[in-house]
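Enquirer: What follows is each chain in one-letter form.
Number of protein chains: 2
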Amino acid sequence: MSALILGSIALDAIKTPFEKRENILGGAASYGAVSASFFTTPHLVGIVGTDFPQEHLDYFADRGIDLEGLQIVEGKTFHWSGEYLADMNTRETLATDLNVFEHFTPTLPESYRQEKFILLGNIAPSLQLHVLDQLEAPRFVVMDTMNLWINIAKGELTQLLTRIDMLLLNDTEAHQLTGELNLIKAGKALRKMGPEYVVIKKGEHGALLFTKDQFFSCPAFPLEKLDDPTGAGDAFAGGVVGYLASQLTADTDHKEIDVQLLRRALIYGSVMASFSVESFSLDRLRSITFADIQERFEKMHELSSFEKK
Amino acid sequence: MSALILGSIALDAIKTPFEKRENILGGAASYGAVSASFFTTPHLVGIVGTDFPQEHLDYFADRGIDLEGLQIVEGKTFHWSGEYLADMNTRETLATDLNVFEHFTPTLPESYRQEKFILLGNIAPSLQLHVLDQLEAPRFVVMDTMNLWINIAKGELTQLLTRIDMLLLNDTEAHQLTGELNLIKAGKALRKMGPEYVVIKKGEHGALLFTKDQFFSCPAFPLEKLDDPTGAGDAFAGGVVGYLASQLTADTDHKEIDVQLLRRALIYGSVMASFSVESFSLDRLRSITFADIQERFEKMHELSSFEKK
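In the order they appear, the protein sequences are chains R and Y. Residue numbers for the first sequence, in my numbering: 1 to 309. Residue numbers for the second sequence, in my numbering: 1001 to 1309.
Treat the hints as calculated values from the structure; they're not laboratory data. None of these values were measured; they are calculated from a predicted model. Just to be clear, a hint being listed does not mean it is correct.
To be verified - To give an idea of the interface, some chain Y residues facing chain R are shown, with a C-beta separation under 10 Å as derived from the structure: (1) Leu1057; (2) Met1088; (3) Arg1091; (4) Ile1184; (5) Gln1214; (6) Phe1216; (7) Pro1222; (8) Lys1225; (9) Thr1249; (10) Ala1250; (11) Asp1251; (12) Thr1252; (13) Glu1256; (14) Ile1257.
Unchecked claim - Here are the simulated lysine to aspartate or glutamate pairs, EDC-like style, with alpha carbons at most 16 Å apart: (15) R:Lys255 / R:Glu180; (16) R:Lys309 / Y:Glu1298; (17) Y:Lys1185 / R:Glu278.
To be verified - Facing chain Y, according to a computed beta carbon distance under 8 Å, are these residues of chain R, among others: (18) Leu181; (19) Ile184; (20) Asp213; (21) Phe216; (22) Lys308.
Using N, Cα and C, we set each Cβ at its ideal position, and we do this for glycine too.
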């Protein structure tokens, strides 16, 4: 089935200890939709300005992404600028120019209101709620977030948690949202806040999946080359949602999804994140085929499995 | 086969954000030998003072640890005092009183010189070298170390690396010793310094194993209760060496150890570390049986495996 992907679409300026790039394609929905497009047909919900290069629109279309939900309005596209420190993990936001994003209140096209698989990508919780409210019968809703929203919109975010099926967030956000320093306790506490499935992302250390009575430790794909961590979490989210949408039907009981399917979804998410960070912007995702993804999926199995005897 | 375990034996004072304990059994060799004792017969090489409680000696003996290599000399036992900060990961050393340890130059008992499986636990590299030099035909030498020795004894440590089979160290030590911030590059760089097998420990994020043409991502056992991280690395080392000693023979080609066996060794090491941190000192290790270890080993398999389809 198809998947609705909501989030920011941006033109980024990124600085790392090694390199600097300006005016490159970014944003949660860009990474999420392109990543998901390897598994399913993403229906993109977002906004760009009239300055948004046609080549990026062509790229989205080439990837089979449905653009009916993409608004193009007079003005400048959302712009984010950030700098990574020496460890390539810590980053500082240098500038956030909302531009056309400032007055974005997405009205879903009629054809999108029946979407069953939803990725509420990293964006203001009020917008995530606004989109969720327009869906007639969503079956599986995945939500990503970030520290900013936990700081300034915790109320709406907490309200959202009771309406979604899977929460994705990173380790520091899990601490921040629950007050728990222990990640295992944090994961369990987050499930009590609503979502049936909680995924705590740990960057180079992989991710943890919490379900009712299961726990899965998902490794990270080992990388020697890391050009730009921007969008890793979004590419991860796109892989998870894309794979689930490709495997589940609208009839699947979303509270009882096969654990092995969920585990595979995380592995595909990790694989997509691993490609994403190997180049700036979506450049590495542009160069891969599904066979490359499958090759890393197999390697993930090889590098994490052991025979009991 | 048996395993020679070298390292410090200490009376520790530990402070965590939650609790404080004084005069408790500690030291790399204590944790290492007790951990290994669940798999093999450890031959302990270390030193204590005449103040060392008889009950600890009795406990070692109860665990089947051979104490012929343990020196008891006039004076006070090595004492270490440390404090853990709120995250339970960062620690500060408050005091290090070498006491009888200051003039420790272990002369191995005749019966120990034929030992094949060796754990050079965390201790000054000069002492690790001194013990290694007395062994007639060691077959598999595992070495642990710490940041202190990388700072003040890098020459001897580097020399040791060319004479051992497996190096255990944590992620910050791997950065420190290689100058590489990327752990995958660091692991490969460490292998080039000598050891056939390199294990980078990442605490709550598990451990990474580097071999000639394989890579293994070993998860950490998920813990909600963490009383005292002291000795986790030593318990890990004891589990790795103990399991390997129980499975390998003196004839095993130590450059070509079965990868699955090495992976299981890391899993057992992680399991031993997970028990160790659940109480202060060796208290949790005192309360477990091999069935408890095996139960967590099975859980490690369950929480890290996924079906490809």
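Enquirer: Each hint: holds or not?
Expert: Now the hints, each set against the structure:
Violation of the interface hint for Leu1057 of chain Y is found here, the shortest Cβ-Cβ separation to chain R being roughly 35 Å, above the 10 Å cut-off. At its closest, the beta carbon of Met1088 of chain Y sits 7 Å from a beta carbon of chain R; the interface hint therefore holds under the 10 Å criterion. Proximity of Arg1091 of chain Y to chain R is violated relative to the hint, the smallest CB-CB distance being about 15 Å (cut-off 10 Å). Hint on Ile1184 of chain Y holds. Least Cβ distance to chain R is approximately 5 Å, under the 10 Å limit.
With a least beta-carbon distance of about 8 Å to chain R, the hint placing Gln1214 of chain Y at the interface is held under the 10 Å criterion. The interface hint given for Phe1216 of chain Y holds, since its Cβ lies 6 Å from the closest Cβ of chain R, which is under the 10 Å cut-off. Below 10 Å, beta-carbon pairs count as interface contacts, and Pro1222 of chain Y has one with chain R at about 5 Å; its hint therefore holds. At its closest, the beta carbon of Lys1225 of chain Y sits 9 Å from a beta carbon of chain R; the interface hint therefore holds under the 10 Å criterion.
The interface hint given for Thr1249 of chain Y is broken, as the beta carbon of that residue sits about 17 Å from the closest beta carbon of chain R, more than 10 Å. Annotation: Ala1250 of chain Y was flagged as interfacial toward chain R, and the flag is violated, the nearest CB pair being 22 Å apart, outside 10 Å. The closest approach between the C-beta of Asp1251 of chain Y and any C-beta of chain R is roughly 21 Å, which is over the 10 Å cut-off, so the hint fails. A distance limit of 10 Å between C-beta atoms decides the matter here; for Thr1252 of chain Y the minimum to chain R is near 17 Å, and the interface restraint is violated.
Hint status for Glu1256 of chain Y relative to chain R: violated, with the closest Cβ pair at about 17 Å, above 10 Å. For Ile1257 of chain Y, the shortest C-beta to C-beta distance to chain R is roughly 14 Å, which exceeds 10 Å, and the interface hint is violated. Taken as a hint, the Lys255 of chain R and Glu180 of chain R pair is broken in the structure, with Cα atoms around 25 Å apart against an allowance of 16 Å. Simply put, Lys309 of chain R and Glu1298 of chain Y have alpha-carbon atoms about 11 Å apart, close enough for the 16 Å limit, and the pair holds.
Taken as a hint, the Lys1185 of chain Y and Glu278 of chain R pair is honoured in the structure, with Cα atoms around 15 Å apart against an allowance of 16 Å. Taking 8 Å as the C-beta contact cut-off toward chain Y, the hint placing Leu181 of chain R at the interface holds, the least distance being around 6 Å. Proximity of Ile184 of chain R to chain Y holds as hinted, the smallest CB-CB distance being about 5 Å (cut-off 8 Å). Hint status for Asp213 of chain R: violated, given a least beta-carbon distance of 11 Å to chain Y, over 8 Å.
Residue-level restraint check for Phe216 of chain R holds (minimum Cβ-Cβ distance to chain Y is 6 Å; threshold 8 Å). Annotation: Lys308 of chain R was flagged as interfacial toward chain Y, and the flag holds, the nearest CB pair being 6 Å apart, inside 8 Å.
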